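Going down the list, the sequences are from chains Z and U. For the first sequence, my numbering begins at 1 and goes up steadily by one. For the second sequence, my numbering begins at 1 and goes up steadily by one.
It should be emphasised that the hints constitute simulated quantities derived from the structure, not laboratory data. Please note: incorrect hints may appear among the correct ones.
What the hints assert, rightly or not - Residues on chain U that point at chain Z, a partial pick, calculated with CB under 8 Å:
#1 Ser49
#2 Gly50
#3 Asp51
#4 Tyr55
#5 Arg58
#6 Tyr60
#7 Leu75
#8 Ser101
#9 Val103
#10 Met106
#11 Gly107
#12 Val108
#13 Arg110
#14 Ala111
Being a predicted model, the structure only gives us computed values, none of them experimental. Quick reminder that beta carbons are idealized off the backbone N, C-alpha and C, glycines included.
Residues per chain are reported as follows:
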Amino acid sequence: MGGGGFTMEPGNPALDDYVRTLPPAREPRICLLPTAGGDSEEQIRAFHAAFDGQLCEPTHVSLFRLGSRPVPLHEHLLAQDVIYVGGGSMVNLLALWRAHALDVILREAWQVGIVLAGLSAGSMCWFEYGVTNSIGRPALTRGLGLLPGSNSVHYDGEPERRPFYLEAVARGDAPAGWGVDDGAGLLFRGTRLAEVVASRPAARAYRAHAVDGVAVEQAIEPRLLKARPHADGLAPLAVEEMRALSAARRGFRRD
Amino acid sequence: MRRPRQIVAFGGGGFSMEAGNPLLDDYVLGLAAAAGRDRPKVCFLPTASGDADHYIVRFYRHFPASRCEPSHVSLFRRDCGTDDVRAHLLDQDLVYVGGGSVVCLMGVLRAHRLDVALREAWEAGVVLCGLSAGSLCWFEEAMTGYHGASRPVQGMGLIAGSNAVHYDKEAHRRPAYHLAIGGGMPAGYAVDDGAALHFVGDSLERVVSSRPEACAYRVETAGDGVMELPLPVEYLGAAQHVAPALAA
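Work out the full structure, taking the sequences as your base and the hints as a guide.
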């Protein structure tokens, strides 16, 4: 995902629903790796708020809290149907995974057919190269290289990435790859692009490659995902009901 | 005058763990001020916690602008280049490394080449300190400060030997550290919560504490076994009461 899902589109679960329903399991086990965000409580809370009420079994693994909450990493991750990687610093993400041998575990997870998903740093990490902003300016940085080529995210949302990425592709510093807008997602089966989907009508993905030292971009029209039926109507109503209930318990009404 | 290299390694304590007991923080602030500035420059590295917001807020609360020039560097929300971070660290009187995961801390510091920058700062006389993971990181090797199984991890190696922290907190730490030393980990220091090792240059200058009962030990092999030698600890809270009596 170029950007989107529960951290960036809290009212639009289309991409998250898409990811959740990719594996064949009726109640897939979905594990969040919030590593790139420093395992921020905010990201973990948002994940559980988005997934706890859905047909799935959500968990998260915090590498920073392995001391107080030990998790057998290999065993837990290999038992998932989906591993969902949150956004943040791509440089820190890769460094922290390597420090915990998660680079090896995630490759194994991918090879046995566990769906790997993520946004922003959690998208670029799967490719050979990504465009990180985590050292104060756009820079190329290496990912795990499960997928060949390069990836640049927030293509529309953070406009300074695009010219940098295209120049890197033109010069040959970065291999050909994909620029992806917020709200768009690429599905790879094996190492082949199988589908491009979007949670917003305007979101696009672009194939970027060099032709005679010049970067060429080809827009890819995504399949627009349908919003979950009634999702928009139900949630606010439930919140209003909760508020009314708690107000009633406190003995006053807010009009 | 060239400032000496100094590191103060807390077994645990300071504002992160001892709300209401500023003895260890006052001690390192005193060392920083000794460099000659009224308001020493103090930079907090919350890296080992994943740059947790609440931790950064607590740092600024305990190191107010009335006493020092506080700043922090977030490596998860970095908005400037490596050279700028390096220059900022070299410009400090004190760099204070927070607690958390030492494995995560070392991974991130290395990815941003701050292990190199911190060594430079140390050599230039910037006082380095920290608790827990922020203590372990200065040594060649360390026992992870985890609950549950402790395991050896490589630090920056500014201080020769190894380190174990929160030594009094859990019963399994002592046997785990002894086992590691017996198994070839370099000899080192085990430190309770509230105790801190103050190194000047390469040698241990003194051990200070914020709690009268806090201990620190030198742990090394002896024959076939492992020997634990208690180190003399100066309780910082007693200083103002004891000093006049000694003078009299």
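Satisfaction of the Val108/U interface hint, Cβ to chain Z closer than 8 Å: holds (5 Å)
Interface restraint verdict for Gly107/U against chain Z (beta-carbon cut-off 8 Å): Holds - the Cβ of Gly107/U comes within 8 Å of chain Z, reaching about 3 Å at its closest.
Hint check, Leu75/U versus chain Z [nearest Cβ-Cβ separation less than 8 Å]: Leu75/U check passes; min Cβ-Cβ to chain Z is 6 Å, inside 8 Å.
When the least beta-carbon distance from Val103/U to chain Z is tested against 8 Å, hint result: holds (5 Å)
Interface hint outcome for Asp51/U [beta carbon to chain Z under 8 Å]: holds (5 Å)
Restraint check, 8 Å cut-off on beta carbons, for Arg110/U near chain Z: holds (7 Å)
Per-residue hint verdict: Arg58/U, partner chain Z, C-beta under 8 Å: violated (15 Å)
Interface hint status, Ser101/U versus chain Z (Cβ within 8 Å): holds (5 Å)
Chain Z contact restraint for Tyr60/U - C-beta distance below 8 Å: violated (18 Å)
Status of the Ala111/U interface restraint (C-beta, 8 Å, chain Z): With Cβ-Cβ at 3 Å, under 8 Å, it holds.
Hint validity - Ser49/U Cβ closer than 8 Å to any chain Z Cβ: With a closest approach of 7 Å, the Ser49/U hint holds.
Hinted contact Tyr55/U with chain Z - closest CB pair below 8 Å: violated (10 Å)
When held up to the earlier numbered hints, the structure conflicts with 4, 5, 6 and fits the remainder.
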